[in-house]
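K.L.:
Sequence:
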Amino acid sequence: PHIDPFIAYRPHILATLPFAWDLLYDPRTLRVMNGGVPSASWTALSTRSAAWARSQDGGMPIQSLLLVFQSIPLKVEVKPRSTLLYQKSTHPRGRQCVSSWDVLYTLYRTLRAPIDSAIYHDASVSKRDRMRYSAAHRIALLPQDHPSYSPPEILNVDMLGGRRRFLGIRVAARDELPEGRKFGEVFVVEVG
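The opening residue of the sequence shown carries number 1 in my numbering; numbering runs sequentially from there.
Since the hints were made in silico from the structure, they are not lab data.
Just so you know, these numbers come straight off a predicted model, no measurement behind them.
Ideal placement from N, C-alpha and C gives every residue a C-beta, glycine not left out.
Don't take every hint at face value.
Stated by the list, open to error - DEER-style ranges, computed between Cβ atoms:
no.	residue 1	residue 2	range
1	132	165	19 to 25 Å
2	116	59	32 to 38 Å
3	47	150	36 to 42 Å
4	151	26	22 to 28 Å
5	142	174	35 to 41 Å
6	121	146	20 to 26 Å
7	184	120	27 to 33 Å
8	144	12	38 to 44 Å
9	180	26	29 to 35 Å
10	183	146	40 to 46 Å
Please model the complete structure; the sequences and the hints are all you need to start from.
P.N.:
See the structure below:
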């Protein structure tokens, strides 16, 4: 598959994404810059297909995708949430496909959800300590995340520790595929 260059991970290019995004923050607060000039609106991102099949596979935009991380046991299913429709003569009404905005916002919403208790309890004691430390750091940055009358809640984003900078997504290699998934359906979220 091909990935929208706006969200594609590019390990061998010195140029970075046109935005810096700490996954802790809502992507709607970002300003997309190109040489110091705003270059795209978030509304425009909802009209860009996040990924599409290779031309020999039909070149159609992808209708759903699975995001995984190398460092944490989290899977994020992304489905179309915008109104992006792919128009093709054989599909007169169009069909929904995943936009770049769908990827960013679904990733944010999933990372801001409470951690699954099974994942937390399966983690080693040292990993749980790091997650609690990360949660305390998050609450110091975003005090609204913590009501004073309860202990801090561990969120999925706390599993990332200090590695919360979004570097882009890439197609998962065959050895990175979750069981039952095919090549081209799964993408890895790269963080730094």
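K.L.:
Now look at each hint and say whether the structure bears it out.
P.N.:
Now the hints, each set against the structure:
Take residue 132 and residue 165: their Cβ atoms lie about 21 Å apart, and the range 19 to 25 Å holds. Taking 32 to 38 Å as the suggested C-beta distance range, the pair residue 116 and residue 59 conforms, at roughly 36 Å. Between residue 47 and residue 150 the beta carbons are some 41 Å apart, a value that agrees with the proposed interval 36 to 42 Å. Under the hint 22 to 28 Å, the C-beta atoms of residue 151 and residue 26, about 24 Å apart, fit the expected range.
For residue 142 and residue 174, the hinted distance range of 35 to 41 Å is satisfied, since their beta carbons lie about 38 Å from each other. Taking the beta carbon of each, residue 121 and residue 146 are about 22 Å apart, inside 20 to 26 Å as hinted. Taking 27 to 33 Å as the suggested C-beta distance range, the pair residue 184 and residue 120 conforms, at roughly 32 Å. In this structure the hint that residue 144 and residue 12 lie 38 to 44 Å apart at CB holds, the actual value being about 39 Å.
The hint said 29 to 35 Å for the Cβ distance between residue 180 and residue 26, and at roughly 32 Å that hint holds. Remark: the range hint 40 to 46 Å for residue 183 to residue 146 is upheld by a beta-carbon distance near 42 Å.
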